[in-house]
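Colleague: Residues per chain, in single letters:
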Amino acid sequence: MTSKMWVTMGPQHPFSHGLWTLKVRVDGEVITDATPIIGYLHRGWEKECEHRTYPQIIPMADRLCYSASMTWSHLYVMAVEEGLDLEVPERAQYLRVVADEICRIQSHLMWLAAMGTDLGNLTVFLWSLREREIFLDLFVKLCGQRLTTNYPRIGGVRNDMPYLFERDCMRAVERFEKKLWDIIALMDDSAIFLSRMQGVGHVTRKEAANLGLTGPTMRGCGVDFDVRRDDPYEVYDLFDFEVPVSQDGDAYGRYAVRIEEMFQSCEIIRQAMAGMPDGPVRVKAPRNVPAGKHFARLEDPRGEGLMYLISDGTDRPYRLKVRSPIFVNVSASKRLVLGARMADVPAVMGTIDMCLGETDR
Amino acid sequence: MALKYLDKYPKNVALRGWILKPFFTTFKNLVKTTIRRPVTILYPYEKEWIPDNYRGRPGLVFEKCIGCGICARICPTTCIELVDIEDEKMGAVKRPQVNLGRCMMCGYCAEYCPVDAMTVTPDYELAAFTREELIYDPYRLKWENTTKGMEVKMEEHLISNLEKGILDQPSAFYELDRPKLIGEKCISCNRCAKTCPVDAIEMVVVGENEKGKPIKHPKIDESKCVFCEQCIIICPKDALEINEVL
Chain A
1 MTSKMWVTMG PQHPFSHGLW TLKVRVDGEV ITDATPIIGY LHRGWEKECE HRTYPQIIPM
61 ADRLCYSASM TWSHLYVMAV EEGLDLEVPE RAQYLRVVAD EICRIQSHLM WLAAMGTDLG
121 NLTVFLWSLR EREIFLDLFV KLCGQRLTTN YPRIGGVRND MPYLFERDCM RAVERFEKKL
181 WDIIALMDDS AIFLSRMQGV GHVTRKEAAN LGLTGPTMRG CGVDFDVRRD DPYEVYDLFD
241 FEVPVSQDGD AYGRYAVRIE EMFQSCEIIR QAMAGMPDGP VRVKAPRNVP AGKHFARLED
301 PRGEGLMYLI SDGTDRPYRL KVRSPIFVNV SASKRLVLGA RMADVPAVMG TIDMCLGETD
361 R
Chain B
1 MALKYLDKYP KNVALRGWIL KPFFTTFKNL VKTTIRRPVT ILYPYEKEWI PDNYRGRPGL
61 VFEKCIGCGI CARICPTTCI ELVDIEDEKM GAVKRPQVNL GRCMMCGYCA EYCPVDAMTV
121 TPDYELAAFT REELIYDPYR LKWENTTKGM EVKMEEHLIS NLEKGILDQP SAFYELDRPK
181 LIGEKCISCN RCAKTCPVDA IEMVVVGENE KGKPIKHPKI DESKCVFCEQ CIIICPKDAL
241 EINEVL
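Chains as they are written, first to last, in our numbering: chain A, 1 to 361; chain B, 1 to 246.
The shape of chain A in the complex, shown without the other chains (with noise of 0.2 angstroms):
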């Protein structure tokens, strides 16, 4: 006998990273159907930020995803310049580009720690948790604060570097790079991670494409794309980095593609530190944008951040639509976890690095 049921996960379950419900239609163990719920975290940011100035909504858009606020506060600026036409100093670009990938080392870290609590493994949570630190640091020293950095302005950044920021610049990644072998040798030598990990979620290449699926979610399903490298911004076309792309589609891919980013980001903090040049790092911006739509999109930790900017000429945006790489991520989740276990819904789920902020907005 067989008996079919609705069992809801969420929105207070260790699995689920945040306040989101995922629905699940299990067949005895097996998973028939799927449904996420989201808008338990909505805020009405979006309405918002109508009512402030354009530099007031800087600070907001860090309060996006608290782990990736200095990509999310920059993709704000980027869309604004976009609109006031404004050339930014190339040292601010500079600089801006190596904030975003301190972000993006921490907040990849920061998946680790809760991937590894997912699959149990403490040992893991606590060793990432560790190696953030050193890079909170890094932004404490940048921009004043650890999570909220608030850092990019309009038309530039906010200061410039500190005295010896340089120099604990390279010596936080080139730690990290010897350190983050001791985490990978947990997750890769234990036999029980890779069982869980590998061949479940599978989702093959052309899916991954139709399904919308961005960031390192896609490129572990085989889609070769980064805005990085195929739509580059501020100075990202001077580096020299690997997009790293897994052909194997599933929960193991994606985590391989995680880590190999953190690697490949050392690697353009070591570049834009190296060619660094000297002079202003921000210029005066009017305060009106004139009117019209302007749009900008970067590549956030987590997939393709894009952000649409309605201005009508005031110093106040007329309409500002977010588009969340989780909000589009997380619908596909019923293809994710289909004719997968119950136990292995916190592998593949975990995998898309959840972030409710800006999926609910």
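These are calculated hints, taken from the structure and not from any lab test. Beta carbons are placed, not taken as given, at the ideal position from N, Cα and C, and that holds for glycine. Watch out, some of these pointers could steer you wrong.
To be verified - Here's a subset of chain A near chain B, in silico, CB distances under 10 angstroms, partners left out: (1) Gln56; (2) Glu87; (3) Asp189.
As the list claims (entries may be wrong) - Restricting the straight-line Cα-Cα distance to at most 27 angstroms, the calculated cross-link-like pairs of lysine-lysine (BS3-like) are: (4) B:Lys185 x B:Lys64; (5) A:Lys179 x B:Lys21; (6) B:Lys11 x A:Lys179; (7) A:Lys141 x B:Lys142; (8) B:Lys224 x B:Lys89; (9) B:Lys8 x A:Lys179.
Based on the hints, put chain B in the right spot on chain A.
Modeller: Same frame as chain A, but now just chain B:
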């Protein structure tokens, strides 16, 4: 495409040292942690090092403040408001009061302050029992030991200067932007001169109307003005407008 780094990790268990490698890692960590000093600190007694530009709660240098209200207008959460206070030395003045229950420590008040009176402070221990305790009046907001890094300066470069190749003249909007008068709209009401916090506006007679009364127009002393936009906001006929320098 192959992975550049992760593929270097040997798939063969024997090459990784099988069970000896975890043993080695554990003992290495054991020896290291025994010899080296502890990485944890006894929190309430010792505090972690924080840089000068750390954005804690806003602080106020009472003597420098001119009560212009730029901080109150730029604050994204509108947690700053100007209150009238009666000071012993300075008389009746306006000073900012911050509701720290709403403050999100963005540091904009320190960045936009034209006289460096608002600063960022390294004070982050702000827990209180009631919400009223979190409203810091100007006296409680005072921060005496201000160092140089706490006064966040806004160093903006003009695009026109960069095009000319001038790279060493950073400025800020309050040094350049000035209110501009549209003469025919002005009704000589004198409100802008009364509200100006730095007394930069003087009403000068420019002519006589048909009844024989003098027509007065505001004259702005550009060296005193900090471009707080108070006069632009208070003008009943929108006779003053923003003149941006780019």
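Colleague: Could you check the structure against the hints above and give me the numbers of any it violates, in ascending order?
Modeller: Hint 4 contradicted; others consistent.
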